[in-house]
Amino acid sequence: MGTSSSSRGSGSNQPMVPPWADDQPGAPVPPPPPKRFQAFRTSFGKFLKGGDGGDLRKSLGHYARTSTGGSAVGPRRFGSVYTTGGDLYDVLKSLGGDGGEAAERGLSKESLAGQPLDVVCQRLAETLAPENGDSDRIREAIDEAMLEVMGEGNFDPDRLDEETINRILGEYLSQSIFQEIVEEVGGSWANAPDEQRTPEAESELLEVIRVVVEKNLGPSLSDAKDLTKADIHRFMREAVTEVWREWESFDE
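Using the UniProt record's numbering, the letters of the sequence shown map in sequence onto residues 1 to 252.
Check before you lean on any hint, since a few could be wrong.
[Unchecked claim] Straight line, CA to CA, 27 Å or less: simulated DSSO-like cross-link-like pairs of lysine-lysine: (1) Lys58 x Lys46; (2) Lys215 x Lys93; (3) Lys49 x Lys35.
None of these hints come from the bench; they were simulated from the model.
Just so you know, these numbers come straight off a predicted model, no measurement behind them.
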């Protein structure tokens with residue numbers, strides 16, 4: 001889970017929104033404030049040391065407000081995630097149906113059925129992940145989402161009903177946000193008092209993200225009919241905006 005052992009996090013002088021990831025290309029991006037990750041990483045380091053959920057909330061508040069520029073800027077960072085989410089929806093819906101659209105992407109329903117699930121996850125991730133700076137993160141999010149929802153064993157496309165697909169999409173978005181935050185914690189992971197604390201903290205962070213994503217994305221998915229990939233892109237973007245707004249209010 002996560003990439004905490006290898007990530008150093010972004011520097012303060014890096015752009016608030018990487019060009020390849022921008023959900024609003026061409027729109028002005030504010031300059032990064034100095035030391036924009038400092039308060040976030042300090043609070044997260046305290047959470048790692050003491051396990052206080054209040055420190056986790058503070059860190060997410062700093063992350064949303066300052067590290068990423070608030071709800072008007074931060075959600076723009078996930079443009080590749082939203083686009084790939086729409087593609088993932090189309091492929092999963094196709095695999096749960098006649099398989100035609102998935103086959104056009106080189107993902108034959110007949111060839112995937114009965115294969116080990118981890119092999120199918122890898123195929124999906126390799127096919128759908130964009131060729132940009134987010135590719136590794138998105139591959140990991142697809143892989144983790146499929147395994148979390150569908151479990152281990154062999155792939156059965158008949159299990160891909162509407163509810164299962166919606167759960168996969170929610171987990172995919174949660175994992176995408178989680179991967180981003182884990183990387184940006186950077187060197188503060190060294191504050192963990194022992195090697196057991198790191199996976200514990202990752203699990204706690206992921207669960208917080210899952211809850212807020214489900215609250216903001218779940219109803220949109222379950223209430224809509226005849227969804228398109230453009231709908232998925234929009235629902236994910238709206239959900240992340242609401243997540244940022246909620247986090248911005250933490251310990252202002």
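| Has the given pair, Lys58 with Lys46, been kept, meaning a C-alpha gap of at most 27 Å? | holds, 10 Å
| Hey, Lys49 versus Lys35, does the alpha-carbon distance stay inside 27 Å? | Between Lys49 and Lys35 the Cα gap is close to 22 Å, so the pair holds against 27 Å.
| Given hint Lys93 paired with Lys215 - CA-CA distance at most 27 Å | holds, 23 Å
Comparing the model with each earlier hint shows no violations; every hint is respected.
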